[in-house]
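Protein chains in written order, with my numbering: chain P, 1 to 394; chain U, 1 to 350.
Each hint should be verified, as a subset may be incorrect.
Claimed, not checked - These stretches of chain U come out as covered by chain P in the derived footprint (C-beta under 8 angstroms, 3 or more residues):
1. 76 to 87
2. 136 to 143
3. 269 to 282
4. 309 to 320
5. 332 to 339
Hints in this document: simulated from the structure, not taken from any laboratory. On a predicted model such as this, the values are computed, not experimentally measured, just so you know. Every residue gets a Cβ at the ideal spot worked out from N, C-alpha and C, and that includes glycine.
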Amino acid sequence: MIVGFLLYPLAYEALLATPAAPFAEAFLPAITFMVVVLYMGLFAMSFDFVSGYTGYLSFGHAAFYGTGAYFVVLAANGQVPGVPEGTPFMITLLLGAALAGLLALVIGSVSFRLTGVYFAMITLGFAQVIYELIRSWGYVSTNPTEGATVSGDALAIGVPYVDALSLDVGRLTGESVENLLGLGIDLSATVVSYYALGIVVVVCYFAMQRILHSPFGRVMIAIRENEERARAVGYATYRFKLAAFAVSGFFGAIAGGIFAAYSRSVAPDGTFYFLVTADALITTIVGGFGTLAGPVYGTLFNQGLEDVLSTESGGIATLLREGLPESVLQADLFGVSLELFVNTAVDGRAPLYLGIVFVLFVLFVPNGILGTLRDRLGGTVGKRLPDHLRRYLR
Amino acid sequence: MTPGTLAAALPQFAPLLDPSALLATGGAVDGLQTAARVLAEGIGKGAVYFTIAVGLTLVFGLMGVLNFAHGAVAMVGAYLGGLVLVLVVGANTGTLATILVFFVALALVFAVTTAAGSAMEVALIRPIYDRTPTYQILLTFGVSLIIEELARIILTLRGIQPDPQWQAPMATAPDVLLGRTQLFGVGVRRLYLFEIAIGAVVAVAVWAFLTKTLYGLYIRAGSEDTEMVQALGIDVRQAFTVVFGVGTGLAAVGGVLLMWDPIWGPSVLLSIDVLLYAFVVVIIGGLGSFTGTLVAAGIVGVADSVTTWLFTTGIVTFPGLSEVTIFLLLVVMLIIRPQGLYGVEEVGGH
Chain P
1 MIVGFLLYPL
11 AYEALLATPA
21 APFAEAFLPA
31 ITFMVVVLYM
41 GLFAMSFDFV
51 SGYTGYLSFG
61 HAAFYGTGAY
71 FVVLAANGQV
81 PGVPEGTPFM
91 ITLLLGAALA
101 GLLALVIGSV
111 SFRLTGVYFA
121 MITLGFAQVI
131 YELIRSWGYV
141 STNPTEGATV
151 SGDALAIGVP
161 YVDALSLDVG
171 RLTGESVENL
181 LGLGIDLSAT
191 VVSYYALGIV
201 VVVCYFAMQR
211 ILHSPFGRVM
221 IAIRENEERA
231 RAVGYATYRF
241 KLAAFAVSGF
251 FGAIAGGIFA
261 AYSRSVAPDG
271 TFYFLVTADA
281 LITTIVGGFG
291 TLAGPVYGTL
301 FNQGLEDVLS
311 TESGGIATLL
321 REGLPESVLQ
331 ADLFGVSLEL
341 FVNTAVDGRA
351 PLYLGIVFVL
361 FVLFVPNGIL
371 GTLRDRLGGT
381 VGKRLPDHLR
391 RYLR
Chain U
1 MTPGTLAAAL
11 PQFAPLLDPS
21 ALLATGGAVD
31 GLQTAARVLA
41 EGIGKGAVYF
51 TIAVGLTLVF
61 GLMGVLNFAH
71 GAVAMVGAYL
81 GGLVLVLVVG
91 ANTGTLATIL
101 VFFVALALVF
111 AVTTAAGSAM
121 EVALIRPIYD
131 RTPTYQILLT
141 FGVSLIIEEL
151 ARIILTLRGI
161 QPDPQWQAPM
171 ATAPDVLLGR
181 TQLFGVGVRR
191 LYLFEIAIGA
201 VVAVAVWAFL
211 TKTLYGLYIR
221 AGSEDTEMVQ
231 ALGIDVRQAF
241 TVVFGVGTGL
251 AAVGGVLLMW
261 DPIWGPSVLL
271 SIDVLLYAFV
281 VVIIGGLGSF
291 TGTLVAAGIV
301 GVADSVTTWL
311 FTTGIVTFPG
321 LSEVTIFLLL
331 VVMLIIRPQG
341 LYGVEEVGGH
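Kindly generate the complete structure, drawing on both the sequences and the hints.
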């Protein structure tokens, strides 16, 4: 999977040079969408970390994502007390994540006395309170409902204070590399950002995986499977849940932070709002609830669908409009021309098809893509796939 | 949408939205009158909240299903009701006839959405009762996504912009409802009185459904102990279908009620606003409790109107005050008394 992510931009660029370019443009996600896969994937992973492994549905997870994003932007503008302007991004990212972890401890200490639907609702309640506060907080910018923008230089991912080991990120402000290592490969600013963000995501993924494979992670799963029994065995489940929630909040904030660094602006609706959590929830179910890598596949699916259905990078609507003859496009369809139908029902309608796919997944594939694959193979894909392949190749 | 822009777009509502009309001008009598007016408006808002939330609590009480599609159905209800009114009501339709059409639309929308809700229960929710409740939340949430996007597509195809409010149905509101009426020396907006009346009718109807019909008996028994009811030979599955249908229908009735209210008005975004408010009301009241929903709707309505009054008079300059207060009420209630005002500890405790 990591190798796939590593090679994707190069393969995509190469494909665009071939005759298959229109189809590649229509059906393969563009790099800008792959960047979204990275930070939204990380956010969905952090959601899955607590919800998929302890079984507590955190409906207010956007609060942590937003905390990370806002902290980074405010720190970059020198608006956070105690954090001078010009502090390296990597340090503000960690500070923001730590703050979100603390916030998670506070919210969790109250919320974990409840279970099930009530837990989901109280976390949602906290997140909505924070969302409304942020929307009206004049300190952020003169128009807080619109959010804030980074006014200074590009933010860099890498080793703080070492210029040679840092990469500026951002779709327009990031660094671009020409003739990489003398191999004749040019990398655009977006591709460089993609790799820089990718490094952060991979590090976070392994950190979370390490925690889940430790005895601590075993207790989390024990809580999900049967909390009473876990308590009877002697674990202070409340503390374990709280710690898991804090860790999850920490990584959720990192996802928000790298999103803010890349997009250079934050808005309450794109960070703290209930629908941001819903996005993570949907992609987690599609990818596989309780499989750490699953949410990334779900996000990949989601973004792929959005890219195919949008016109921004030549999606399927463009392909139809340019590929179909004029007579077909003007054909009458219940009083509406086919062209108008394509424009309204196909272009940018990803939520509709995602909703349908999501309902089908809930009904028929409750374990998600990765979960089902693991059930079929009888173990993690990485461990089992070689055996299966060998059996078929023999 | 701020009151200011709305007033500019809809001149006939300007007197309703003028903050100076709410200003207390000093003096004990005036202060008392202002308090009474704010209270009356709070009860009006509470009636709307009750109508929106009562279907949600019925479904949860019996089935333990938290229906995330509730808001989307209310949105559809607002549009359908608006459609009927726009089609039937013309410029020279009398006031009484308009109100009559409103009730016909209400009944029609209720019938259609009840049937649709029952079908949805049979087709989608029935197969997953044996799974953890999380999956029912997820499923209904997916359904709400589909409904919203379909609504957007249809509205765009029909040339009605999806995001800003659809103002044609608002224009059909009869002039009688726009003014104020003197009640015990207090000027109360007639629209609120109208909403209180409908809310009361819905409350009585639901109460009668719960206490006087056989299905009501099943619901009350089922929310106490589903297994025992099943053991007594009652077809709980059929009751589920009926209740889910009625709950969906009530959501749509709430939507129709919102159609004339300048604070809400039909738009696709209504879906999520309604859903969140309905959640707050049912959780404060206690999930599954009819009395609780009634009381909580009153509390939330009054809190809403008091905080709105505080903001419009400039006593508090924080614009999000009303929303923050309402969600804080939810959080505080869950901290002090997780089961809500009238909730039973174990209902839906899964």
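Hints and how they fare:
no., hint, result
1, 76 to 87, "violated (count 0)"
2, 136 to 143, "holds (count 6)"
3, 269 to 282, "holds (count 4)"
4, 309 to 320, "holds (count 3)"
5, 332 to 339, "holds (count 3)"
The structure does not agree with numbered hint 1 stated previously, though it agrees with all others.
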